[in-house]
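Visitor: Each chain, written out:
Number of protein chains: 2
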Amino acid sequence: MTVIPIPDDSLFGVDNLPYGVFSTAGTDPRVGVRVGDHVVDLARALGDDVFAQPTLNAFMAQGRGRWVEVRTRVTELVSGEIADDAVHTVDDVTMHLPIAVADYVDFYASENHASNLGRLFRPQNPDPLMPNWKHLPVGYHGRSSTVVASGVDIVRPSGQRKGPNDEMPVFGPSVRLDIEAEMGFVVGVGSPMGSSITPDRFAEHCFGAVILNDWSARDIQAWEYVPLGPNLGKSFATSISPWVVPLLALEAARIDTPVQDPTPLPYLQGDEKWGLDIDLAVEWNGEVVTRPPYAQMYWSPAQMLAHTTVNGAAASTGDLFGSGTISGPEKNQRGAFIELTWGGQEPVTVAGEERTFLQDGDEVAISATAPGANGGRIGFGEVRARILPAV
Amino acid sequence: MTVIPIPDDSLFGVDNLPYGVFSTAGTDPRVGVRVGDHVVDLARALGDDVFAQPTLNAFMAQGRGRWVEVRTRVTELVSGEIADDAVHTVDDVTMHLPIAVADYVDFYASENHASNLGRLFRPQNPDPLMPNWKHLPVGYHGRSSTVVASGVDIVRPSGQRKGPNDEMPVFGPSVRLDIEAEMGFVVGVGSPMGSSITPDRFAEHCFGAVILNDWSARDIQAWEYVPLGPNLGKSFATSISPWVVPLLALEAARIDTPVQDPTPLPYLQGDEKWGLDIDLAVEWNGEVVTRPPYAQMYWSPAQMLAHTTVNGAAASTGDLFGSGTISGPEKNQRGAFIELTWGGQEPVTVAGEERTFLQDGDEVAISATAPGANGGRIGFGEVRARILPAV
Numbered sequence: 001m002t003v004i005p006i007p008d009d010s011l012f013g014v015d016n017l018p019y020g021v022f023s024t025a026g027t028d029p030r031v032g033v034r035v036g037d038h039v040v041d042l043a044r045a046l047g048d049d050v051f052a053q054p055t056l057n058a059f060m061a062q063g064r065g066r067w068v069e070v071r072t073r074v075t076e077l078v079s080g081e082i083a084d085d086a087v088h089t090v091d092d093v094t095m096h097l098p099i100a101v102a103d104y105v106d107f108y109a110s111e112n113h114a115s116n117l118g119r120l121f122r123p124q125n126p127d128p129l130m131p132n133w134k135h136l137p138v139g140y141h142g143r144s145s146t147v148v149a150s151g152v153d154i155v156r157p158s159g160q161r162k163g164p165n166d167e168m169p170v171f172g173p174s175v176r177l178d179i180e181a182e183m184g185f186v187v188g189v190g191s192p193m194g195s196s197i198t199p200d201r202f203a204e205h206c207f208g209a210v211i212l213n214d215w216s217a218r219d220i221q222a223w224e225y226v227p228l229g230p231n232l233g234k235s236f237a238t239s240i241s242p243w244v245v246p247l248l249a250l251e252a253a254r255i256d257t258p259v260q261d262p263t264p265l266p267y268l269q270g271d272e273k274w275g276l277d278i279d280l281a282v283e284w285n286g287e288v289v290t291r292p293p294y295a296q297m298y299w300s301p302a303q304m305l306a307h308t309t310v311n312g313a314a315a316s317t318g319d320l321f322g323s324g325t326i327s328g329p330e331k332n333q334r335g336a337f338i339e340l341t342w343g344g345q346e347p348v349t350v351a352g353e354e355r356t357f358l359q360d361g362d363e364v365a366i367s368a369t370a371p372g373a374n375g376g377r378i379g380f381g382e383v384r385a386r387i388l389p390a391v
Numbered sequence: 001m002t003v004i005p006i007p008d009d010s011l012f013g014v015d016n017l018p019y020g021v022f023s024t025a026g027t028d029p030r031v032g033v034r035v036g037d038h039v040v041d042l043a044r045a046l047g048d049d050v051f052a053q054p055t056l057n058a059f060m061a062q063g064r065g066r067w068v069e070v071r072t073r074v075t076e077l078v079s080g081e082i083a084d085d086a087v088h089t090v091d092d093v094t095m096h097l098p099i100a101v102a103d104y105v106d107f108y109a110s111e112n113h114a115s116n117l118g119r120l121f122r123p124q125n126p127d128p129l130m131p132n133w134k135h136l137p138v139g140y141h142g143r144s145s146t147v148v149a150s151g152v153d154i155v156r157p158s159g160q161r162k163g164p165n166d167e168m169p170v171f172g173p174s175v176r177l178d179i180e181a182e183m184g185f186v187v188g189v190g191s192p193m194g195s196s197i198t199p200d201r202f203a204e205h206c207f208g209a210v211i212l213n214d215w216s217a218r219d220i221q222a223w224e225y226v227p228l229g230p231n232l233g234k235s236f237a238t239s240i241s242p243w244v245v246p247l248l249a250l251e252a253a254r255i256d257t258p259v260q261d262p263t264p265l266p267y268l269q270g271d272e273k274w275g276l277d278i279d280l281a282v283e284w285n286g287e288v289v290t291r292p293p294y295a296q297m298y299w300s301p302a303q304m305l306a307h308t309t310v311n312g313a314a315a316s317t318g319d320l321f322g323s324g325t326i327s328g329p330e331k332n333q334r335g336a337f338i339e340l341t342w343g344g345q346e347p348v349t350v351a352g353e354e355r356t357f358l359q360d361g362d363e364v365a366i367s368a369t370a371p372g373a374n375g376g377r378i379g380f381g382e383v384r385a386r387i388l389p390a391v
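Sequences listed follow chains A and B, in order. Residue numbers for the first sequence follow the numbering used here, beginning at 1 and rising by one. Residue numbers for the second sequence follow the numbering used here, beginning at 1 and rising by one.
Just chain A, with the same shape it has in the complex (with noise of 0.2 Å):
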């Protein structure tokens, strides 16, 4: 039997008990939730089948009194000793994507992001946000199956361009290749056709929240995106962080969002505050070069699941929505390289070389924190990938 030691720093203490999906060699994919740095195997250590399986899907579709007492027993489990199989230090897994992605959505909820994209994509237009923005969260659906697990390469894609001064499109490997630092978050318990789901109802249906990397190749999306949006320039890759951190986790993280002005339309008001708390960092080949700070995300992850489901639209067990990036109001704010490099025209000096967009073989690795209910703080993890030349 085994004692999992948690250092009084550990990002992962008994606050946090995310949820992940591993391996270890030789073995399938399975359930686990780390603490500290170990992983314990939830199907062995509670003996449920539910865990024995390579998304959590399934446990997320038992809904939330079920989240709520597994958590309890995971809280005792770790506080006493643990049979020795149970138990992996994160040095010996692998770990994988942890759900299966039904639909995946992809919001604009930073004003800061949204008004910087708005001065560099339409530098015509006097207002450089939409006047729809402040009414609803923009949002538009993205591509499931490219959807992957930190870790995975991304290939630098090819596609389409035309810059303002060619007279014909040309083909080749996008020469503006970004990320957008933003969170992720998982529906557990969806809603049939026909319904909706409340911004008070948020915590019956989303499971909990990840790291998310919109890898956006930006000379691809400007050339395509009017009048039907984004698609190649985005459906390429997404990354996301391993560790599904729980809502029930983040109570200590929940604070109101920025002043909504004008209110919103009553069905995306709500009585339970839903801003979060959470301090990212982007590390671009190992050099910390922005800070996101989600706490002045404009909408609240509440208000994207209601705004997604007021139509009447199905949301499912396994649904990801990202957030946008995210940008505070400093220029170290900001959660794209399109916006910290002023659309490449002010390059930042990264690890001692100068950059604008990323190269081939440069490594991003975005990582978060937030407050945790013991007075500490919580882990995300990190969603880190490094770009392949294209193929």
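Treat the hints loosely; a few may be bogus.
Claimed, not checked - Heads up, simulated EDC-like pairs for lysine to aspartate or glutamate below, C-alpha to C-alpha not over 16 Å straight-line:
hint, chain 1, residue 1, chain 2, residue 2
1, A, Lys134, B, Glu167
2, A, Lys331, A, Glu346
3, B, Lys273, B, Glu204
4, B, Lys134, A, Glu167
What the hints assert, rightly or not - Rough simulated footprint, nothing fancy, chain B against chain A, three-plus residues with beta-carbon under 8 Å:
hint, region
5, 135 to 149
6, 262 to 271
Stated by the list, open to error - Distance windows between CB atoms, simulated:
hint, chain 1, residue 1, chain 2, residue 2, range
7, B, Asp9, A, Asn125, 56 to 62 Å
8, A, Asn125, B, Gly163, 18 to 24 Å
9, A, Asp28, B, Val152, 43 to 49 Å
10, B, Asp49, A, Val259, 45 to 51 Å
11, B, Val175, A, Asp28, 51 to 57 Å
12, B, Pro164, A, Gln269, 25 to 31 Å
13, A, Thr89, B, Val152, 47 to 53 Å
14, B, Pro131, A, Gly344, 19 to 25 Å
15, A, Ala43, B, Asp48, 29 to 35 Å
16, B, Asn165, A, Val175, 40 to 46 Å
17, A, Ile255, B, Pro131, 39 to 45 Å
If you are wondering where the hints come from, they were derived from the structure by calculation, not from laboratory data. Every residue gets a Cβ at the ideal spot worked out from N, C-alpha and C, and that includes glycine.
Here the structure of chain A is known, so what remains is to put chain B in place on it, guided by the hints.
Guide: For chain B alone, coordinates are given in the frame of chain A:
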């Protein structure tokens, strides 16, 4: 034993043989083939468990060699005697959604439709087509979980809208509920992330085609769609016909697309013809109001799939992509009511009543036929649904 009668003028002769998922009273959904006015239970007739499943996905994933082999076997089967308990009349079966939808993408491939919508949505622009339109098949991702089978009633969606003269947006049931008459294409064999599917490889990957109705709430769409494209205005429902006509049955329907000028980039070129001579008819409350010609579509489905994957995005068994509204040059060939009634300014008379957009209780049925291999025509059946009041 039974010999299935096939009337001479049947749209479901041996040159068609579409696949669907059916059930009879008290039995589980399983794969069938339609012949004349009968459905053959394939699991029972061929003794192959790949057909004893509630979707076509497992069969589709087996690849084109297998699609050819099964088609040959089914052709032999329906030309002889079949065990009585493997044959049902179409009136005795319930049809289901034939595929488990993976990613759903909707295109915008009709020049007439894109021009008409450009004139209606962006009257200030001198050119109704966006600059990218003739260079790439513009498309966007839609919501997979709300793709439903023909026969499922459509609840009128509610959402935000803001007319040009409204000071603030309002919330309520859509007052401009519309259809889009499209063809949908189903991916049988996907492609892994990092690879792409050239236009000439289309038949190796695309299993077949269905009729698709992309229900659209024009008022919600008009307010939300800038800059990230349609979302709530489309995501509440997409209906497809129950019979998937195999690409193998569409050989006689293959034609050149209209001349593409300027010549598309090489990744969109191929030697194979994938224009399709499919005639659609849209019934509104029992009266045919428009006959959209698929032959007029500017971009072929092979080009759509090539474009979708050229950035390395994965394709999956069960991916569905819609062509976009099919509109011919004539008014009575327009595949959406917003075009047919010119934004509601030119009502049409339907079964003795004036109509612009859909009213509660209205019923729409879209049917389609194409030339068959034997000199006659083959049918796609229909996609039909009724509008229920908003909840």
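Visitor: Taking each numbered hint in turn, which are not upheld by the structure, reported in ascending numerical order?
Guide: Of the numbered hints given earlier, those the structure breaks are 9, 10, listed in rising order.
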